[in-house]
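**Student:** Numbering (this note's numbering), first residue to last: 39 to 301.
Some clues are possibly wrong.
Think about it this way: if two alpha-carbon atoms lie no more than 25 Å apart in a straight line, the pair counts; the simulated PhoX-like pairs of lysine-lysine are [stated by the list, open to error]: (1) Lys90 / Lys207; (2) Lys151 / Lys190; (3) Lys151 / Lys181.
None of these hints come from the bench; they were simulated from the model.
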Amino acid sequence: MPEQSNDYRVVVFGAAGVGKSSLVLRFVRGTFRETYIPTIEDTYRQVISCDKNICTLQITDTTGSHQFPAMQRLSISKGHAFILVYSVTSKQSLEELQPIYEQVCQIKGDIQKIPIMLVGNKSDETQREVEASEGERLANKWKCSFMETSAKMNYNVQELFQELLNLEKRRTVSLQVDGKKNKQMKKKDKLKGKCVLIKAIINLKMSSKMSTTNNIAAARRQVSKASAELMNYCYDHAKNDPLLVGIPASDNPFKDKKPCTIL
Numbered sequence: 039m040p041e042q043s044n045d046y047r048v049v050v051f052g053a054a055g056v057g058k059s060s061l062v063l064r065f066v067r068g069t070f071r072e073t074y075i076p077t078i079e080d081t082y083r084q085v086i087s088c089d090k091n092i093c094t095l096q097i098t099d100t101t102g103s104h105q106f107p108a109m110q111r112l113s114i115s116k117g118h119a120f121i122l123v124y125s126v127t128s129k130q131s132l133e134e135l136q137p138i139y140e141q142v143c144q145i146k147g148d149i150q151k152i153p154i155m156l157v158g159n160k161s162d163e164t165q166r167e168v169e170a171s172e173g174e175r176l177a178n179k180w181k182c183s184f185m186e187t188s189a190k191m192n193y194n195v196q197e198l199f200q201e202l203l204n205l206e207k208r209r210t211v212s213l214q215v216d217g218k219k220n221k222q223m224k225k226k227d228k229l230k231g232k233c234v235l236i237k238a239i240i241n242l243k244m245s246s247k248m249s250t251t252n253n254i255a256a257a258r259r260q261v262s263k264a265s266a267e268l269m270n271y272c273y274d275h276a277k278n279d280p281l282l283v284g285i286p287a288s289d290n291p292f293k294d295k296k297p298c299t300i301l
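Required output: the full structure, derived from the provided sequences and hints.
**Tutor:** This is the structure we're talking about:
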């Protein structure tokens, strides 16, 4: 069983071109991308409620290639829940999920406690190779839930992720965030920001006094300290800024930003 943490990790598997990234992007950003861009691995984040507390839903969009088995095993070992996606226009994409499902069973052990959704994407397409009844039969065999979706038409996308969270029995997880706790979190963050600003102002005032007494070196140190405190707060705050939620970790300019040091 994965360790309890502030993150709830969902891993999305499926063959190349079945629409894994389209489903995730539609859910996180509300957008649909017409052109196909192969994925190595991207991670997206969304704020959710977990055991009545605010936590982060971390969605890992995996590669459709079989060239990275070690990466696939690592994703499974870290995952709390799994979405197995195939395209209703490709029977082969459904068949390719069998070894992935078997590996999830092998690594996670007691599969009955693991939320798994079998998803037939591109349900808006008319040229089907897989009927809904076939997907349902396989889901019953695997003892997991089943749903057909269309990322393009935004059909059953939100419902997919909510149903997946509903399957979690080890803790209470929901897409609905408690408004009161969300406000408390924002208030706490706002107070923290005010404290940082007050400290910075005090340091700047001290530097001004020192400069008048010709203690230039000490004045510079106080300015450096004030600047570092402000910049560190900004970087730390920006990592969890709501405007950056849903942006892949690789695209977040603040993800790997190192703390400022006092010169």
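**Student:** Are the hints correct? Go through all of them and say.
**Tutor:** Here's how the hints hold up against the structure:
1. Lys90 / Lys207: Roughly 14 Å separates the two Cα atoms, so the pair holds.
2. Lys151 / Lys190: Since the Cα atoms of Lys151 and Lys190 sit roughly 31 Å apart, the hinted pair is violated (cutoff 25 Å).
3. Lys151 / Lys181: 11 Å, holds
When held up to the earlier numbered hints, the structure conflicts with hint 2 and nothing else.
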